[in-house]
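> Chains as they are written, first to last, in full-length UniProt numbering: chain A, 1 to 222; chain B, 1 to 222.
Rather than coming from a laboratory, the hints here were simulated on the basis of the structure. Just so it is clear, the structure is predicted and the values come from calculations on it, not from any experiment. Check before you lean on any hint, since a few could be wrong.
The list treats identical chains as interchangeable, and a pair is accepted whether it falls inside one copy or across any two copies.
Heads up, simulated EDC-like pairs for lysine to aspartate or glutamate below, C-alpha to C-alpha not over 20 Å straight-line [to be verified]:
(1) Lys195 <-> Glu159
(2) Lys55 <-> Glu115
(3) Lys108 <-> Glu56
(4) Lys5 <-> Asp64
(5) Lys182 <-> Glu156
(6) Lys108 <-> Glu26
There are 2 protein chains.
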Amino acid sequence: MTEPKAVKSEHTRTLIVETALRLFRERGYEATTMRGIAKEAGVSVGNAYYYFGSKEELIQAYYDQLQEEHNAACRAVLDRERDFAPRLLGVLKARIDTMVPYHAFAGKFFKFAAEPTSPLNPFSAESGPSRKGAIAIYREVVDGSNLKIDSDFREELPELLWLYSMGIVLYWVHDSSPGCRKTYLLVDRTVPLVKRMVSMSRLPGFRSVTRDLVGVIRDVRA
Amino acid sequence: MTEPKAVKSEHTRTLIVETALRLFRERGYEATTMRGIAKEAGVSVGNAYYYFGSKEELIQAYYDQLQEEHNAACRAVLDRERDFAPRLLGVLKARIDTMVPYHAFAGKFFKFAAEPTSPLNPFSAESGPSRKGAIAIYREVVDGSNLKIDSDFREELPELLWLYSMGIVLYWVHDSSPGCRKTYLLVDRTVPLVKRMVSMSRLPGFRSVTRDLVGVIRDVRA
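Based on the provided sequences and hints, a complete structural model is requested.
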């Protein structure tokens, strides 16, 4: 019995992505060619190009897979923990865990992502869906916690936490410490600070700053 | 009488940089070649390559010139104002003013700057001197103001303000509003917030957060 066409097609696509990511890790991004990926995956070059128009398109596939792996890696801590800080810490550590195998060539990806006109840019219109997916995890961090904050701030906090996570990714890209331990340290040390600042948002004196912050975010959103 | 050699050499170098930057603005970075720069500057191609090994090296020259222009553009406000917020606002607006003419091809530069292994990366070891120069302006913003904050925090604040300015540059790169007015709005709206948070650093309850923040910065500095 042959596989249904759609299933076979999905299998081939997955096979190409997984082969590409393995070769990127093993040989580096620059040294890997579409021809090499096709050969290793056991498909024709034409078939590989049918699924991915260029090596760059495989980066979007990498992002999508990273997001899926991250979602899966966060599940346990999000289901178990009710406190905001351990939820956030778990999600950020899971994010680093899923990225670490790709550290050596993260800079190559980063270059594409940094170009403002690139669809791979996390701030671009084209990245809208994957950005929404990434922000959704931080919404779950907040909404599934016992954190008590004003509703307007609660609305904007997930995007702020995502921006914070992007800052950590930026630090990670530049982190040459063994096993990226400085990035883990950064997360360990900043999460309690973030927690304290978020909790202080309702204190007198701080409340109006929080309100202004929410106003600024809504006014300047690009 | 002929010019002394060193002076002539400096003139030629400046002429090449200014011609290159004008062509980058007029034709875009990609469309400009070393040959075209030499022709417009009225020097031989060999001479242009004597000063700059590649088009990419001209980007470092652009950064240096931007820094000089920024220093000059900040002078008036830093000499006149004693309050922290207008000093910071003036410095950030001057920074955007000097960058605006280059907005169209900022993304091209940005791509080079984003690569972690690139000497053009603002976080790289090679960028150390120009990073120090950039941070020095924010030290002057703080030290020349009547701001009252703890000495440890005062020590780290200039680097934090520089990071904040890098966030604004990141926003600016993606800003497609006419005349980059959203970036100006971002600065106008966030400087008062930064001012308030910095001022709150000595309040009870906030002081220990500030102290922790200083500790984190010192521990995780890449």
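> Next step is simple, just say for each hint if it's right about the structure.
Hints and how they fare:
With identical chains, the CA atoms of lysine 195 and glutamate 159 are at most 20 Å apart within one copy only, with a shortest distance of 15 Å there and 23 Å across copies. In this assembly of identical chains, the alpha carbons of lysine 55 and glutamate 115 lie at most 20 Å apart whether taken from the same copy (16 Å) or from different copies (18 Å). Taking CA atoms no more than 20 Å apart as the test, lysine 108 paired with glutamate 56 passes in both settings, with 11 Å inside one copy and 17 Å between copies. In this assembly of identical chains, the alpha carbons of lysine 5 and aspartate 64 never lie at most 20 Å apart, being 23 Å within a copy and 58 Å across copies at closest.
Taking the closest pair of Cα atoms, lysine 182 and glutamate 156 come within 20 Å of each other only across two copies (19 Å); inside a single copy the shortest separation is 28 Å, beyond that limit. Taking the shortest alpha-carbon separations for lysine 108 and glutamate 26, only the intra-copy value of 14 Å comes in at or below 20 Å, while the best inter-copy value is 29 Å.
Checked against the numbered hints listed earlier, the structure breaks hint 4 alone; every other hint is satisfied.
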